[in-house]
Amino acid sequence: MVKVERITKTFENRRKRVIAVDSLSFNAEPGSIYGLLGPNGAGKTTTLRIISTLLKPDSGRATVMGFDSVDAPTEVRRRIGFLTSDMKLSGNLTPRELLQFYGELSHMRESEISERTKFLSDYLNMNDFLDKRIGKLSSGMKQKAAIAVSLIHDPEVIVFDEPTNGLDIITARTVTEFLKDYRRKGKTIIISTHIMSVAEKLCNKVGIIFKGKLVADDTLEGLYRRYDESSLEDVFFKIADLEGVTESV
Amino acid sequence: MFRDALIIFRKELKNVFKDPRTVFAVLLLPMLIMPVIFLVMNVVSQSQAKTYENTVYSLKVTNLPDERFLKILEGLISFEIVDELNEETVRDFENSIVVEFPPNSAETIENGERIDALVFYNSTSRGSAYGAQMVQNALASYSSFLLSEKLLEHGLTIEDLNPVNVEKIDVAPEESQGTEILATLIPYLLLIYIFAGAMNIGLDTTAGEKERGSMPVLLVNQVSRSSIATGKILYVMTIAILNSIFTFIGLIIAFKLGGPAFGAENLNLSSLSVSTLVGLFITLLTMSGLAAALIVLLGSIARNVKEGSGYVMPIYIMAIVLGIATMQMESPDNPLLYLIPLVNSIFVMKDIITVNFVTARFLLMLISNLAYVSIFIYFLTRVFNSERIMDSSGS
Chain A
1 MVKVERITKT FENRRKRVIA VDSLSFNAEP GSIYGLLGPN GAGKTTTLRI
51 ISTLLKPDSG RATVMGFDSV DAPTEVRRRI GFLTSDMKLS GNLTPRELLQ
101 FYGELSHMRE SEISERTKFL SDYLNMNDFL DKRIGKLSSG MKQKAAIAVS
151 LIHDPEVIVF DEPTNGLDII TARTVTEFLK DYRRKGKTII ISTHIMSVAE
201 KLCNKVGIIF KGKLVADDTL EGLYRRYDES SLEDVFFKIA DLEGVTESV
Chain B
250 MFRDALIIFR KELKNVFKDP RTVFAVLLLP MLIMPVIFLV MNVVSQSQAK
300 TYENTVYSLK VTNLPDERFL KILEGLISFE IVDELNEETV RDFENSIVVE
350 FPPNSAETIE NGERIDALVF YNSTSRGSAY GAQMVQNALA SYSSFLLSEK
400 LLEHGLTIED LNPVNVEKID VAPEESQGTE ILATLIPYLL LIYIFAGAMN
450 IGLDTTAGEK ERGSMPVLLV NQVSRSSIAT GKILYVMTIA ILNSIFTFIG
500 LIIAFKLGGP AFGAENLNLS SLSVSTLVGL FITLLTMSGL AAALIVLLGS
550 IARNVKEGSG YVMPIYIMAI VLGIATMQME SPDNPLLYLI PLVNSIFVMK
600 DIITVNFVTA RFLLMLISNL AYVSIFIYFL TRVFNSERIM DSSGS
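Residue numbers (the numbering used here), protein chains in the order written: chain A, 1 to 249; chain B, 250 to 644.
If you are wondering where the hints come from, they were derived from the structure by calculation, not from laboratory data. Note that the coordinates shown come from a computational prediction; the quantities given were computed from them, not determined experimentally. Just so you know, not all the hints are guaranteed correct.
Taking lysine-lysine and the BS3-like style, the derived pairs with C-alpha atoms no more than 27 Å apart in a straight line are [unchecked claim]:
#1 Lys399/B <-> Lys142/A
#2 Lys263/B <-> Lys88/A
#3 Lys118/A <-> Lys555/B
#4 Lys88/A <-> Lys320/B
#5 Lys132/A <-> Lys399/B
#6 Lys187/A <-> Lys118/A
#7 Lys136/A <-> Lys555/B
Derived CB-CB ranges, DEER-like [as the list claims (entries may be wrong)]:
#8 Asp168/A <-> Asn634/B: 33 to 43 Å
#9 Met639/B <-> Ile19/A: 12 to 22 Å
#10 Arg225/A <-> Tyr627/B: 52 to 62 Å
#11 Ser25/A <-> Glu636/B: 40 to 50 Å
#12 Thr10/A <-> Ile286/B: 55 to 65 Å
Ideal Cβ positions, reconstructed from N, Cα and C, are used throughout, including at glycine.
All chains, full assembly: derive it from the sequences and hints.
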């Protein structure tokens with residue numbers, strides 16, 4: 001269970017002050033996928049980074065299975081697998097060595113790491129490149145390795161920023177299948193995306209975010225009903241129109 | 250916490266040692282560079298000396314007072330007399346020298362008076378400069394010869410002109426003798442190589458990771474930020490130490506190969522006993538810890554490697570200046586100087602190499618360096634706990 005309660009986050013530089021997330025709230029339940037939908041710069045990544053303890057909110061709170069992301073960051077990190085398409089694995093180590101490393105950092109036993117490595121390697125179809133250097137892998141292979149790394153400690157909550165961004169069609173399919181499967185396993189999953197088809201295919205609940213504000217938070221059916229539309233794209237643009245942000249989308 | 254730091258340290262080392270280019274740059278290059286430089290310089294200087302010895306120089310002598318001067322010169326270089334040469338054309342002929350004695354020089358010498366000999370040469374031609382030096386030597390020998398003749402007429406020898414014979418006796422302990430050149434060069438080179446080794450690796454593991462986007466992978470792990478900071482410092486420190494140790498080995502090999510050819514004929518390598526090496530290693534350890542902590546801190550503040558280089562480069566230049574400034578200095582007695590980072594390590598290394606170990610100075614250096622490292626770790630942990638560590642946007 002992830003609870004986001006009225007979080008606000010601003011960034012400042014010498015020139016200006018930008019409100020990235022403005023009093024945003026939502027809940028994500030176990031066994032479901034919650035999708036944050038919005039244009040680039042809407043505040044999706046900032047929200048996910050706050051949940052994952054990488055950023056601290058100016059006000060409000062985000063809790064993961066009851067643990068506050070600011071007060072108990074280690075407990076939160078222990079329970080989440082955070083992944084973003086910006087997050088890259090690099091260097092001379094192989095996926096197996098990286099899984100070993102992150103397993104050790106998660107204080108897993110040697111036998112647990114071996115078992116989990118075998119499971120993830122089979123599950124994500126990584127056996128062919130498990131012992132090849134990360135630097136020599138294709139971007140799809142690297143993405144699979146990154147997913148495996150984020151799941152090595154078998155987290156209860158998965159936070160995934162733009163899961164299919166920049167992926168080829170086969171790897172994108174692997175990623176969406178993995179998210180559906182983890183939902184079946186009862187995990188809490190939060191994704192961000194600006195691709196409507198991905199959200200429609202995966203999400204049980206969608207939060208639509210514009211300029212840091214959550215303007216809609218409902219199931220897909222609920223959104224279609226409320227806005228009298230049959231596709232998420234139409235719902236999205238109707239809301240954008242209502243919010244007066246169509247031009248910026 | 251330290252267990253996590255060691256896990257990070259091991260992973261970083263494993264990563265770096267799987268790259269043959271890094272292994273070459275960190276270990277082999279520093280070990281090879283000094284011996285190769287010494288060898289090349291040796292070979293080049295020997296071959297040049299041979300070339301000069303085998304060259305036939307063009308010579309013009311005006312108002313020659315005595316054929317014996319040419320006989321002496323023949324013993325030093327081969328030459329042919331070229332009549333077209335003069336003080337103007339000497340720069341147009343390769344390997345040419347003009348020697349001009351005053352008119353009636355033979356009579357002047359005969360009368361016991363002094364003559365001036367002018368040697369014209371072209372300083373931009375190394376052959377001409379070498380030939381001129383040989384002519385000068387021949388003139389000096391000729392002058393001594395004439396002096397001996399004169400003295401003999403009065404029943405004296407040249408030795409009679411030097412009633413006091415001077416002999417210097419070095420009373421320094423035997424193990425300290427011949428260590429000056431080591432004490433001059435080793436601290437300077439180790440300091441430079443510690444920074445050179447730590448700089449690239451330290452920036453790559455901090456600002457480089459931000460640039461590549463691999464930092465958040467580590468930051469969302471349950472490991473504490475201070476463990477990440479400590480692990481990265483340990484890693485950079487180890488590379489810096491390895492770099493400097495291999496430089497040290499390379500320097501010793503270089504001295505063995507070509508030391509005497511470069512004025513280090515009295516070099517005492519036996520002064521590098523086990524206790525000296527242990528003392529040097531401990532000093533290196535604290536100095537590289539300091540460099541590593543500082544570079545990792547600056548690299549973590551920087552948003553990318555370019556910005557990080559901008560922060561680290563002035564410190565590297567300062568280290569070079571410090572190394573050069575203290576090269577010829579003896580270790581001072583003022584204890585406050587042993588609290589100044591880097592300076593303290595240089596002076597303590599000098600003490601150790603010259604076998605003048607002073608426990609109080611060593612302890613002051615050790616404690617102050619450890620204190621500085623702790624302060625840097627504290628600030629580094631703060632940076633890792635702040636959002637700045639995520640900031641990888643361009644400058």
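* Asked: Can you list which hints this structure breaks, lowest number first?
  -> 1, 3, 4, 5 and 11
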